[in-house]
Amino acid sequence: MSLSFKERLHNAIGVQEIERKKVYHAYVHSVAYEREEFDKIWFKGQNATWGHNFGRMVGFRQIYHNHTIDEESRAAVETFELGEAFPSYMGGDPRSIGATGVHALSELCIEMANDGNSGRCWAITAGVMMSALGHPQGEGPGGPPPGPGPKEPAKAEDYVHFGAASWEYYGADFIYHQGEWKYIHEHVVPVFSQLFDSENFARDLYEKHEADPNYSTWRGCPCQVTDPGPLSDRYDVNQPVQHLIWETPKPYDTLDDENTYSIGHNEWI
Amino acid sequence: MAKQFFTDDELVERLWDYENVKQVMAKHFYCYAGDLRRQELTDLWVKLPQNRRFASLGVNTGFYTGMDDISNYYVVQLNELRYEQLKPYCDADPAIGLNKFNLGRGILNNNAAYSPLLYIAEDGKTARYMCYVQGVRAVGNPDGTADCRFMFGLVYADLLKEKGEWKIWHLIITNDHAIPAGKDYAEYPMWKDEFGTTGQNGPLLGHVDPNNSYTRDELGTPTVERTVYDPFFGWQYLYQDMPHPYYSFNPNYSYGPEGCMGMPYYERERRDY
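The listed protein sequences correspond, in order, to chains A and B. Numbering-wise (the working numbering), the first sequence opens with residue 1 and increments by one. Numbering-wise (the working numbering), the second sequence opens with residue 1001 and increments by one.
Just chain A, same shape as in the assembly:
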């Protein structure tokens, strides 16, 4: 399909805008500024979807509720717990103080639709999660789930630094809606996560499988979703092939069920 100069210019600007939106997402997500992400750069319709290995949220309302109301409350609780152990944390921004989980993006694969109304983006994130104060020894990511009943408040000396690698693949669709490029679909495929220099994500998992043939990395769904998972598996030594889930986008004409990261959700409603 031959595009005019104006159409090519529109698509070239679209590539940069999609790159910028992906990166903007990485940073605001890293500090749990979820409202600043979903208010600003998302399409707010029923066919907005956000997928992960645990399932797919469908509709802006479900996405917004899970990411903002639930996530931000959790962040506030954790910050106040930290503030009790480290008083200088009290009064800080409960969303962004302390912990960071940044999905650092390597080069993006972006294709623009010939109709100029959408763009598709695939990426690898070599992410990290870190915190100067971390979490009490034995708790936090990788630790056992909290037991029943009220939790004993942790003391400052219980806390240890936290640093982990967290790699994922991303598939994302964007639409040109009301003069702006907006996210409509995001699908996250977690690959592995491990603490820096204290774990071997491949060997440790293999040993867990050896010890218990029924061992699974599946942790269930932590929030309300429309399409429950598992939608993908994390890396496993015994997996037969690389588990990419999604292909990189190919040149295409329009966003539809053949060219999407969320089949069945490609009308702009």
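Rather than coming from a laboratory, the hints here were simulated on the basis of the structure. A hint or two may mislead.
To be verified - In silico DSS-like links for lysine-lysine, alpha-carbon gap of 30 Å or less:
id, chain 1, residue 1, chain 2, residue 2
1, B, Lys1125, A, Lys6
2, B, Lys1003, B, Lys1027
3, B, Lys1087, A, Lys40
4, A, Lys250, A, Lys40
5, B, Lys1125, A, Lys40
Please read these numbers as outputs of a predicted model, since none were measured by experiment.
For this one, chain A is given, so just place chain B on it according to the hints.
Frame of chain A, contents of chain B only:
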């Protein structure tokens, strides 16, 4: 299509500006990795006298301002450090000369930049840039030991178009976590907070980690000393610090010493009056 704000020619120029700003910053990381800092200051930084006077380089503990101070810290002091780091090799093996040709022996200092976020001002004269660094740093010794760390942090920059070329004007290289290779980070000593509360393995020296040779040796004494980034609090002010769409350069919101980096948001609000 929405109504156009820019002409087609302006849009093409802005597309090109976006790629050129990324290119200039990529060259900065190349120079940083190769200790080619004199080349960086000469080729990539502002050249006009009025801009050189107000150029700045920020680190966690403050800003070096003006090209003289920047050059002294960024090039001369690093050169002296590299001679100190070379001397043990020369002492261990007289065949290794203590000269510029051997500088950098046993050194790896590489900042890999991810996720560049940048905006060109609407007036097209300046740009604001931020990226995340996942770097590595190793300082070797002649006995085969080495201090190896994975280095993390954010890099910010104001760039300026001088005679049609993008140049670095204000640069901030923050140092976040410096995680030692081969050691569980959880075993690493904790910082203490301003109330003196310490985590395990205290006592420690405030937020400056005595075991982190990066902060000990390389932050120096900035021209303007103030907290630009404190890893104890993490990315608390990231949203306020990161680039956002803007019309024109405003020193109050720059990445220079007049800007707001490291300030609580309520102190930033006062600057508007």
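Evaluation of the provided hints:
Taking the CA atoms of B/Lys1125 and A/Lys6, the gap is about 25 Å. The hint holds against a cut of 30 Å. For the proposed pair B/Lys1003 and B/Lys1027, the alpha carbon gap of about 36 Å is over 30 Å, so the pair is violated. Between the alpha carbons of B/Lys1087 and A/Lys40 the distance comes to roughly 55 Å, so the proposed pair goes past 30 Å and is violated. About 27 Å separates the Cα atoms of A/Lys250 and A/Lys40, which keeps this hinted pair within 30 Å; it holds.
The suggested pairing of B/Lys1125 with A/Lys40 holds, with an alpha-carbon distance near 26 Å, which does not exceed 30 Å.
Figure legend: structure checked against the earlier numbered hints; hints not met, in rising order: 2 and 3.
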